[in-house]
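**Q** I would like the entire structure built from these sequences, with the hints used as guidance.
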Amino acid sequence: MLYIEVGNSTLKLAHRNSDGTFRVSRFTHPTHLLEEIPPKAEMLLAPVAESQVGNILPQLKERGTVRLLGRDQFREFLADSYDTPETLGLDRILQLFALDVDAIVISCGTAITIDALFRGSPFWGAILPGFTTASRGLSAQAPALPVVSSNDTVLLPARSSRTSIANGILLGTTLALQGLADMLADEIGASQSLPVIVTGGEAEVLRSFWRREREVTVRPALLFEGMARKGAKAQRDKEEGGSILPR
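30 is the number that our numbering gives to position 30 of the sequence shown; each next residue is one higher, with no gaps.
None of these hints come from the bench; they were simulated from the model. There could be a bad hint or two in this list.
Stated by the list, open to error - List time: in silico BS3-like cross-link candidates among lysine-lysine, alpha-carbon distance up to 27 Å:
id: 1; residue 1: 233; residue 2: 61
id: 2; residue 1: 40; residue 2: 233
id: 3; residue 1: 61; residue 2: 40
On a predicted model such as this, the values are computed, not experimentally measured, just so you know.
**A** Structure (structure tokens):
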């Protein structure tokens with residue numbers, strides 16, 4: 001089985017290794033991903049960026065069997081946890097669905113999301129601009145301010161505008177997430193020791209600046225773990241006489 005995520009800025013292809021881990025490849029153009037799909041492949045696709053799916057789905061179907069994941073397949077898991085489920089990102093759902101234990105999940109990509117699983121139920125937190133998104137957005141609105149990256153120096157007190165921006169983007173975002181993690185845990189009645197799982201393309205950036213006692217673990221393939229779990233459950237349901245995921 002191949003696992004494909006159609007995201008906001010990248011396409012991701014994951015192969016599951018024999019030890020249960022995932023080997024993930026990232027692509028910026030559909031053609032490059034399609035070149036990696038063997039004939040008669042079995043594929044499970046997560047359309048995180050729904051508007052982008054039409055650009056690649058027909059070509060994928062020419063190469064094999066494609067099964068689509070959608071929010072409707074998680075109704076039991078979601079229950080009444082979100083007032084506007086039609087707007088809830090599939091990536092956020094899959095990342096919580098992947099968990100075996102209660103935890104806070106922070107996904108660091110184009111956007112940063114922070115959500116939690118507590119007593120087996122999902123709780124939704126916040127959406128922030130990603131580190132790179134925030135820096136580019138600031139520079140776009142104020143061209144005199146440079147775009148910074150995780151390689152920039154953070155230092156308080158700052159001695160340059162570039163360091164000041166790095167402090168705001170890197171430290172400021174991290175501190176906001178630390179505070180949100182504490183607030184979310186408090187509001188749902190969870191322990192302050194609830195672990196934090198970080199995923200996404202900029203997960204290591206967050207971990208490098210995290211300065212709290214709360215345990216932080218990076219699981220880069222968390223979304224694909226959720227896809228695999230859902231696919232396995234659908235297969236069990238089929239064998240028991242239920243329905244399989246839509247093609």
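**Q** Give a verdict on every hint.
**A** Against the structure, the hints come out as follows:
Only pairs whose Cα atoms come within 27 Å are accepted, and residue 233 paired with residue 61 is accepted, the gap being roughly 23 Å. This hinted pair checks out: residue 40 and residue 233 have alpha carbons roughly 22 Å apart, not beyond 27 Å. With a C-alpha separation of about 9 Å, the suggested pairing of residue 61 with residue 40 holds against the 27 Å cut-off.
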